[in-house]
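Undergrad: All chains, please: the whole structure from these sequences, using the hints.
Number of protein chains: 4
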Amino acid sequence: MVTLDFHPTGRHFLQIPGPSPVPDRILRAMSHPTIDHRGPEFGVLGLRVLAGMQRIFQTKQPVMIYPASGTGAWEAALVNTLSPGDPVLMYETGHFASLWNRLASRLGLKTESIGLPGTEGWRKGVQAHLIEERLKADTQHAIKAVCVVHNETSTGATSNILAVRRAIDAAKHPALLLVDSISGLASAEYRHDEWGVDVTVSGSQKGLMLPPGISFNAVSPKAIEASRSAKLPRSFWAWDEILEMNKTGYWPYTPNTNLLYGLAEACDMLLDPAHGGLEGTFARHRRWAEGVRAAVRAWGLEIQVTEAASQSPVLTGVVMPEGVDADAVRKLIYERFDLSLGTGLGKIKGRMFRIGHLGDCNDLTLMAALSGCEMGLKLAGVKLAGSGVQAAMDYFASHAAPVALRQAA
Amino acid sequence: MVTLDFHPTGRHFLQIPGPSPVPDRILRAMSHPTIDHRGPEFGVLGLRVLAGMQRIFQTKQPVMIYPASGTGAWEAALVNTLSPGDPVLMYETGHFASLWNRLASRLGLKTESIGLPGTEGWRKGVQAHLIEERLKADTQHAIKAVCVVHNETSTGATSNILAVRRAIDAAKHPALLLVDSISGLASAEYRHDEWGVDVTVSGSQKGLMLPPGISFNAVSPKAIEASRSAKLPRSFWAWDEILEMNKTGYWPYTPNTNLLYGLAEACDMLLDPAHGGLEGTFARHRRWAEGVRAAVRAWGLEIQVTEAASQSPVLTGVVMPEGVDADAVRKLIYERFDLSLGTGLGKIKGRMFRIGHLGDCNDLTLMAALSGCEMGLKLAGVKLAGSGVQAAMDYFASHAAPVALRQAA
Amino acid sequence: MVTLDFHPTGRHFLQIPGPSPVPDRILRAMSHPTIDHRGPEFGVLGLRVLAGMQRIFQTKQPVMIYPASGTGAWEAALVNTLSPGDPVLMYETGHFASLWNRLASRLGLKTESIGLPGTEGWRKGVQAHLIEERLKADTQHAIKAVCVVHNETSTGATSNILAVRRAIDAAKHPALLLVDSISGLASAEYRHDEWGVDVTVSGSQKGLMLPPGISFNAVSPKAIEASRSAKLPRSFWAWDEILEMNKTGYWPYTPNTNLLYGLAEACDMLLDPAHGGLEGTFARHRRWAEGVRAAVRAWGLEIQVTEAASQSPVLTGVVMPEGVDADAVRKLIYERFDLSLGTGLGKIKGRMFRIGHLGDCNDLTLMAALSGCEMGLKLAGVKLAGSGVQAAMDYFASHAAPVALRQAA
Amino acid sequence: MVTLDFHPTGRHFLQIPGPSPVPDRILRAMSHPTIDHRGPEFGVLGLRVLAGMQRIFQTKQPVMIYPASGTGAWEAALVNTLSPGDPVLMYETGHFASLWNRLASRLGLKTESIGLPGTEGWRKGVQAHLIEERLKADTQHAIKAVCVVHNETSTGATSNILAVRRAIDAAKHPALLLVDSISGLASAEYRHDEWGVDVTVSGSQKGLMLPPGISFNAVSPKAIEASRSAKLPRSFWAWDEILEMNKTGYWPYTPNTNLLYGLAEACDMLLDPAHGGLEGTFARHRRWAEGVRAAVRAWGLEIQVTEAASQSPVLTGVVMPEGVDADAVRKLIYERFDLSLGTGLGKIKGRMFRIGHLGDCNDLTLMAALSGCEMGLKLAGVKLAGSGVQAAMDYFASHAAPVALRQAA
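Respectively, the protein sequence lines represent chains D, Z, W and H.
Take the first sequence: its letter number 174 is residue 174 in our numbering, and every next letter is one higher.
One gets our numbering by counting positions in the second sequence from 1 and adding 1000 to each.
One gets our numbering by counting positions in the third sequence from 1 and adding 2000 to each.
One gets our numbering by counting positions in the fourth sequence from 1 and adding 3000 to each.
The hints are simulated quantities; they were obtained by calculation from the structure and are not laboratory data.
Quick caveat: nothing in here was measured; it's all calculated off a predicted structure.
One should not assume that every hint holds.
Just a few of them, taken from the derived set where beta-carbon distance is under 8 angstroms, the chain W residues facing chain H [as the list claims (entries may be wrong)]:
| hint | residue |
| --- | --- |
| 1 | 2027 |
| 2 | 2034 |
| 3 | 2035 |
| 4 | 2036 |
| 5 | 2038 |
| 6 | 2039 |
| 7 | 2040 |
| 8 | 2106 |
| 9 | 2189 |
| 10 | 2224 |
| 11 | 2230 |
| 12 | 2238 |
| 13 | 2253 |
| 14 | 2254 |
| 15 | 2256 |
| 16 | 2334 |
The beta carbon of each residue, even a glycine, is placed where N, CA and C say it ideally should be.
TA: So this is what it looks like as structure tokens:
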């Protein structure tokens, strides 16, 4: 067996913004024996996870579950709804938004990037008015889709998707609204139907607390309608056969059975009324994020996302003072304290690092992570204004968790 | 947790031709905590599984590992090497060959089916001379690729891939040779380089003994060359970025980490010299298949594949006498004896069932499966000429396993 | 990691009469993180397994759970109820009965062996009339306890415990009735209260389907009363403190937490009404045993236990023809077919082997075991009258399981 | 399945002084299928763990491994070496020393308690000169054994065992030296042979990082000699048969197979030269303990053990200010922060709590625990002199771990 942890003892702290730590309960579910994906037990499992994911996406429409990681679901959203050369408007909130843009280009779409200039756009959420203005100018309705990232994993900006929907409506534009909520879903509030999204893309290894390997498309009737005339070649990603087979809980090709076991368990955990259900999950992540931000502010360091309303419940980007290499800090922290943090990506490589607080957390795992950061920052010679650890303890101690202890079963 | 086995006690016998039973050792490997796919431990894991898969495919060329199930790797082989409207020659050995054909058509390729007529082609392996004749007739070299299935999972026909290579060479035709060895790899002999294959497609849930969820493209320099000018849109499946990132053991997007843990373990198991390495694996499966066929012959039932040379070491199709519904027999066996068998597919639905003997087997798991079949066939009213169980015991007892007990570690 | 299976592939068949195969479901339960054995969650677990074990023993009295293997519970039964030099009557049904006798002697009790002479007593269950006669002769009531083995693991004799109770009552003798049901409990019918047993000893690694490591004393009010004056030194095994602490679900010293997780799961499985509860469990084992005995009879070999009424639902002893070394046959079967069988013990070492059919079985695991035996017997040169495998298939096919498939959850 | 964690999300922090957190690697090892404890693989496992435990105890003499929890091994040490009514000198360092005394009394030994008066003795290690004085006074050599606790789990005092040995030698007294290192072994330095111990008692659930359920006696030739004439009744605990069977890696009765899998893994981890072997383990725990004590001092709270030389590397007792109920603080911390701390026991119940830093730790798990304590203490209204969390961070950051990162395998 390959050695998976180079540290001598103790548990690794995986505090990157995904993959998030997989709870033991889900690892155990995944260790069930693989079954016949055409047998009767499988149908029960299939219907169950499909229904569970509708509740997680807050949609009454079908949800596609792909045996593929999240990037595949980006591709699926595009090839099912668009035709070669179609113009698509892609809002750049950060590195992942730009990667999706690049993927769309490679597929032969005519992408148009929109957003604030330079690195400024990487410190804020989507500015919906820019979309509205652009769509109003597209009087011929050439633009076929607007693509935005709900939670930009590279910066920690959570955008207001309902505002984007309203912008498109205000422009009276027929473009589809395609949203990447790979890192947002199941940690940050998300309402596919209520927010009028046409396709939401997501993945397993973030708020759903699973290993990577399955991904999702939640759809709207308008998106399904678009798929009937979309001309991009597709087969593996094609919705039509999946929708047909899903009616009885099966898939047209071999599904990722063991990850579906884990998904069934994740849905049970996230939707458990004893823990406040999805709303409890969202509230917990808001609180944890606030504690982490209190720490960063106490250190006297900048948070990557400057707009308070867009600061993510999923991750926090910590900007290094001029002259400090964020990746050298990360390496020191990893080697010395067995804590993995997210690197800066693209335009902000080396300028910041990211602390994940998504998925399966609690106050003390976050205190551990913040302690590791604080010790590492000091060891790296970063001057801190004060103790972030102290600030986070003050916050967590004075703000009780939103859902109390469950009762004994 | 969803109930995954409706039977009251004991272990389910999963004897479908894939997914095959996942050994505990692999399930344990998969239960390691998910790690940072950009961290230092991951690179070690990545390089290790990439090197392991080269040995499994018997190739010195790169192997692509996709975080997607096998159907995706079919798509990948095509979109990386071909352009819209390209003619491709697809040999029909059975249901999966015809599904690959269908997938190619959906992607906009001009597929031409070749093979023996009616159901006759579903009882034999690839007739290489038909390919040679067809290619010789294609004097303009319009045909860009020849697609064949190494081990046809729907019938149990293993084709002679080297003969296909020689047929293409004999026709002096430049078409690429694309081979599906999804169910063949790591149970049936396979030699990617020696047999001159351009792209081999495979998946995790068969001879590799993993759950479904990762799949493979082994390539040739000629295939890589073709990918430089191929025009089918692609991004998720595109080889170029994967090859670049794989140099250091990483992937351009999030890989399926926990299945890669399992893959590292599977490579260790399959290549273990104490068990005879890959050749030992092939020899074991040949012997098991012969024992199972001895049983079918003793029952007086027909084997789906009539050519002895093409009868698969991976699975055996058992043809029902006229008037017997094979699926009713399967259902009885599943309900009464907790044994899953493969259904007949496509043209032969209801006419036969399939016994898988791939992946992680031993003599007694197969005796259990054959006992379940024999009891079930009798309970279903099928007249049997004799005891297949007896014949298989005679065969296994008189033919020792190719590799003896390992020594104590 | 030590290499735990010297065979190259496939699943080991563990068909000894204990430890029995541990179901995955129980292994998963045991992999929960160890918790504080003084914390609130633990009390919930403790009360649950204590109540579950009362249902398994069919008693309303307390059940002691020891963090020790079964031999310890033998010792516990004696040291809690007896004083140095106390005469105890120990019925010899086989090797384990004689080991218990030996243990009692080592503890300073005055043991008296009773039973049929020579090896004859090892082929039958307890002859209750011998006990009655002996007790009637003990007019001074010197004998303080009668010890019998419910299911003699070394021979496969299940004794009629109610008949022993009646014998003691008929003799109007106050001796305690101590019963070893280590291998009987939860596979063979057992009714602690109804049968008037004073102490029943059991262990985890048989019908309860757990690894070895916990063991039990079920008690009667009379046994508790006896413990108040019993003078054998004891502390670890002493009932008094355990009974006191168990009231709230805790133990006086550190319990075997992870095995208790498994025990909670085992109780759920054994008592599940969807599978017929305990009575369903007993019926399944009776049927499996009958199938195995049909095989032995068809081979023309003798069953160790000659009295039909005492032939065990837990295991079957197979006597070798004169001149055949049973252990050489076992070794061949283990090496060639990866099947573990039980050795002959004590007086019958080398004369017979034992097939376990306890705990978590189904028809096909038993068919696998019988196939391995039949092939191995033939390879060892044992002349067989016919096919036991065929006879078992005939039996299993013509006798449906007592509880049908559960419904989908 | 019983609900094992009443908290909604995240990982429980088990920081009691045992059971300590079981590493995933050990849980995985324990999930191997149970094998025949009389088969060939088992012998390999048995010899391996027996050899491993000799290295852990630092002894060339045999080590007994019991399928029972630690209290049983206390009993075993006594019943194998002593006779009814034998006088034994028992040094009281705290609650566990007094429980061992109580157990010895229940077994019929004549125990004499020795130590400092009142609660003073519970704040220091063994005062060897008191033992020397008492033994010198015993001119008839009536005292047969001296019993001391190496690491007193109830207070956090680690005693100097070599000093005790020297005290006995200085008194020229033949009494056996029996030592409880249940919570010391494999976290605190321990040298059975070099320190001249006759019997060392230990258990699995502390430094060995296993669940509870197996326990140990390491012995000396003098102890073995004593066992030949010792008269306390014994069978389950008797060394003679175990020593005989252990020669080939087996046990006289059913061992706790799955915990032995875990033990093999634990030995590999503890002895791994890449992590500095046992000496590395000891150094890591010394450093962690120093960090935790720095925190307690910064809080302005007293450490239970006042002698610096006796402060344990395994746990730290934190004394509450007058008027504060330590158990109310613990309860608040458990409920609010999902952190389990050890309660005060016996004489000091309610006056202090205990932080475990044994077994599988790292800097950040301890920072998490200290953060939970600091927040909880404040919420409970305890006035703190300063931030213990800050002090611990200062200590850990300025003192590098004794063994650096392992190299990639």
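Undergrad: Taking the earlier hints as the rules, which of them does this structure contradict?
TA: Structure breaks hints 9, 10 and 11.
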